[in-house]
Every structure is written in C-alpha cells, then in structure tokens.
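Trainee: Same order as they appear, the protein sequences are chains A and B.
Residue numbering for the first sequence follows numbering that gives the first Met the number 0, starting at 0 and increasing by one per position.
Residue numbering for the second sequence follows numbering that gives the first Met the number 0, starting at 0 and increasing by one per position.
None of these hints come from the bench; they were simulated from the model.
Worth double-checking, as some hints may not be accurate.
A pair counts as met if it fits within one copy or between any two copies, since identical chains are not told apart.
[What the hints assert, rightly or not] Straight line, CA to CA, 20 Å or less: simulated SDA-like cross-link-like pairs of lysine to any residue:
| # | residue 1 | residue 2 |
| --- | --- | --- |
| 1 | K2 | I229 |
| 2 | K212 | T73 |
| 3 | K2 | E21 |
| 4 | K2 | G231 |
| 5 | K164 | P183 |
| 6 | K171 | E26 |
| 7 | K2 | N230 |
| 8 | K212 | I176 |
| 9 | K164 | G197 |
| 10 | K2 | C203 |
| 11 | K171 | L14 |
| 12 | K212 | G12 |
Number of protein chains: 2
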Amino acid sequence: MGKLFIIGLGPGGALDTTPRAEAALRESQVIFGYTTYIHLIRDRFPEKELVATPMTTEAQRCRLCLERALLGQTAAMVCSGDAGVYGMAGLMHQICRNHPELSIQVIPGVTAATAGAALLGAPLTHDFAVISLSDALTPWETIERRLRLAAEGDFVLCLYNPASKARPDTLKRAAAILLERLPPETPCGLAENISREGEAVWLCTLGELETQKANMFTTVFVGSSQTQVINGRLVTPRGYEQRGAL
Amino acid sequence: MGKLFIIGLGPGGALDTTPRAEAALRESQVIFGYTTYIHLIRDRFPEKELVATPMTTEAQRCRLCLERALLGQTAAMVCSGDAGVYGMAGLMHQICRNHPELSIQVIPGVTAATAGAALLGAPLTHDFAVISLSDALTPWETIERRLRLAAEGDFVLCLYNPASKARPDTLKRAAAILLERLPPETPCGLAENISREGEAVWLCTLGELETQKANMFTTVFVGSSQTQVINGRLVTPRGYEQRGAL
C-alpha cells in the first residue's frame, strides 16, 4: 500500500525544516513540488527522484503524486512554509477523495506568518487573522469583506500573497480598504524572502503601506489598536500590563 | 554584551523543533521557561542551567531572563509552539523596552494552529482567524466580538486555550455565539496534546461543539462555509474547483 506525505519545509533552507519533515523526506521515494521549492531541497537529497512542476499546475502535480502512491510508492508533496496554509494539503486531500484506503500524512512546518513575525518582533502575540490577497482562486469581494471585518474586529492582520506581476496593485487596494476603518498611523511590518537570500524586514505605517514594494515572497503585517513599535520591533502586547504585571 | 533568544520549541518533542531553535538552545548559557516546557527539553540539555517558573509568573520570568542578558550572558526564553503566538515574545520585548542595546532574536516554531491542522487534515488552507478564548488577559466582550466578526467574515477559526479548570465553560459559550451566525452542521475538529503523550484528534459539528471536552492543551478548529469532511479529514478547499482544475 502506498503512502502520501504532504510536507511543509519551513520558510527557507534546512535550518527551518523540522526533523519530522526531514525524516519524511528521507522516507519518500519520490518528491513532488513547485520548481522553486524543489530547488530548495535538491542539494540535500541528490539521490531522490525529484519532480518539479511550474506554478498553476497544482492539480496535475497532486494527481501525479497520487498516481505514485497508488503504485505502492511512498510519495511526498513539498511546500514552503506550512503545507496547510495556502499550501497543497487541501488540494491533495480533494484529489485523493476516491482513495480512502491511502495513508495521507501532513507534516507541519513553520509558516511565513510566524517566521515573518519573529523577524519583525512579536506582532502576532494576540488574536490575528490571516488573509491571502490573491484573487486567482478567491473573488476579490470576499477578500475585501474579510479585510473589513478583520479590521472591525481589531485583529492583527497577516497578509499572504500581497502582490504579484499579474496584480501589482492588490496591496494598495487592501491598504485603502483598511484605511476606511483603521488610523493611518497603525504600525505595519513587511518581511521578504524569509530565511532565504535577500531576506529583509522593515516597518511602515498603514498610511505608507500602499507605496511599499511587495511581491509573492513578501508577508505583510498590519497591527491592531494595541500594536506598538518598541526599539524598532513590531510588538502586540498580550495584555499583561492591564493585569498590573508590568 | 548579552544576548536574548526567545525560542519556539514546536508543539511537542525534539521531532518538531527546528535546527535553528536547536542551535539557539545549544548557544544559550541559561534557559528559562514555564515548568512544562522546561521538562520537554530537560533530557536533551542536561548540561545547561535551566530555570523553570510556574504559570502566572510570566513577567517575573522575563525579568530574570533579561537580568542574565544584562550580565553579559546568552539567555533563552522557551515557549512551546511558536514564541510569538500567545507566547513570551511580546512580553519579553515589553520588558526589554529600556534596553535597546540588547540583541533580541525570536526563533519561530511550529504553532498549534498548523500542527493541529496537519493532524486533522487541512482546515487552514484558506483564510483563517486565530482567537484565544482565555479571558485572563483579554475582556470576554472583546473575545465575543471577534468570534462574531470572524464568523461573519466566513473565516476558518482556530481557537487557542478553549477551556481551563478556572473557566470550564468558555468553549461552550464560544460555540453558542458562533451558532448565532453559523449553521449547526458546520464541521469542526479538535486536536489535543499535539505531538505529546495522549495525542488525539477528533471531528464534530458546531452543534456538538459545546459538549466536547477541552482543556489548555486542546486546539479547536471551526470550519468556514467551504470546509468539508473528506475521508474523515477536515479540509478547506483553496478554490481550485471553481477554476475548473478539479
């Protein structure tokens, strides 16, 4: 009987891949992934069969992976970050719907939300909402609605896929929506190429967010009403000061 | 000059601790943490000075850790999961406010949201909101308000700290609030003692959620309108089927 792993590699290189993920990669006979992610592990597993397929062929990639498991192999699908956060874990379960006999195991990884937050300080120490700004698979009206409600709920926001070549202005549009409800001085942070070459983090205000350069490798954080900048770091207090502990 | 690490160990044992976290632990001369978390690493670092302090002494624990860094030591504060998600990263930055000269580095970890999601299937593959149900540091009205707005926004919900001995009925209260806006058949999942002894995951509906046993080591997932149960797994599609890819 074949076996399927869906593995989150963490944001960058081997330093952020858990031993559990590493063990699953070693156990796998064939590893599928988006070209960029396969490149991340190519040097670490030169002896493995690695299959890289480009962006937008996700369903086909999952089907190829499933075919191998049905042949009795141990097959892995890798994603950067966590495989369950805008990753392949959902699609793979959908593709495997008619094969309840298969063993499918998702191996979690460090996702860009917490890896980016760590680089910026501690923006996610209180309630937060994670929203993808990509309208490739989600109607823009749904994204707008979620931005408005999350702002109204005073959540810290973590925005994935803030922009791409095909939609250079989505971050600008999102910032304009948030500015309807949040003050322009709301502190924000951006993290780019987390744990990879070109890693960078910087702060700005919500009023300045629309002019920030972002791409598919940027994660954007928008503070809640409680978020502060402390010594250049973005920090959302948990509430200890209200209890008199500070 | 001293140095401070704030380290996320991941949800359970060594299998979920990243090499980056492991390296920071090795580099540290003294490691502080809540008693349970210090026990998780005690056997792995028998040669280290480990300082365990009980729950509710978080500010004191951070101050003790800061004192060591000010003495020139490399001091670490450990948390389970990710240190920036309801962990010590925020409080530590607040406690260190008057010491901008200190090097403070947050090392991210796999948080219960994604580790629990992986065990359950793929509930977080689309936009989600993370809310703690603990009213120890947050007014219950704020929690209620966020639950209502997140439900209105059709976010998947990930609930931390769903219950404790001091507040046995918070999950029940939260479920009642969500039922004002969401159908009782909404699929839910619970993950308990993730990657630890006694690990368990199970599914229920939102209508059944109020009767589920939960404690401080349980993470609760409430599906969006899109979330499905596929072969016993909780799965939120990303939207590929709308694009005709399935």
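Trainee: Hints first: check each against the structure and report whether it holds.
Mentor: So, going through the hints one by one against the coordinates:
1. Taking the shortest Cα distances, K2 and I229 sit within 20 Å of each other only across copies (17 Å), while inside one copy they are farther apart (47 Å).
2. For the identical chains of this complex, K212 and T73 are neighbours neither inside a copy (41 Å) nor across copies (36 Å), given an alpha-carbon limit of 20 Å.
3. Taking the closest pair of Cα atoms, K2 and E21 come within 20 Å of each other only inside a single copy of the chain (16 Å); across copies the shortest separation is 29 Å, beyond that limit.
4. Within a single copy, K2 and G231 get their C-alpha atoms only as close as 47 Å, which misses the 20 Å cut-off; across copies the closest is 17 Å, which meets it.
5. In this assembly of identical chains, the alpha carbons of K164 and P183 never lie at most 20 Å apart, being 26 Å within a copy and 41 Å across copies at closest.
6. Proximity of K171 to E26 under the C-alpha cut-off of 20 Å is found in neither arrangement, the shortest distances being 44 Å within a copy and 42 Å between copies.
7. Taking identical chains as interchangeable, the C-alpha atoms of K2 and N230 lie at most 20 Å apart only when they sit on different chains, with a minimum of 15 Å there against 48 Å within one chain.
8. For a Cα distance limit of 20 Å, the shortest separation of K212 from I176 inside one copy, 18 Å, qualifies, whereas the shortest one across copies, 40 Å, does not.
9. When the C-alpha separation of K164 and G197 is checked against a cutoff of 20 Å, the pair qualifies only within one copy, where the shortest distance is 19 Å, while the shortest distance between copies is 47 Å.
10. Taking the shortest alpha-carbon separations for K2 and C203, neither the intra-copy value of 46 Å nor the inter-copy value of 26 Å comes in at or below 20 Å.
11. Taking the closest pair of Cα atoms, K171 and L14 never come within 20 Å of each other, the shortest separation being 33 Å inside a single copy and 40 Å across copies.
12. In this homomeric assembly, K212 and G12 never come within 20 Å of each other (Cα to Cα): the closest approach is 24 Å inside a single copy and 39 Å across copies.
In this structure, the hints that do not hold are numbers 2, 5, 6, 10, 11, 12, in rising order.
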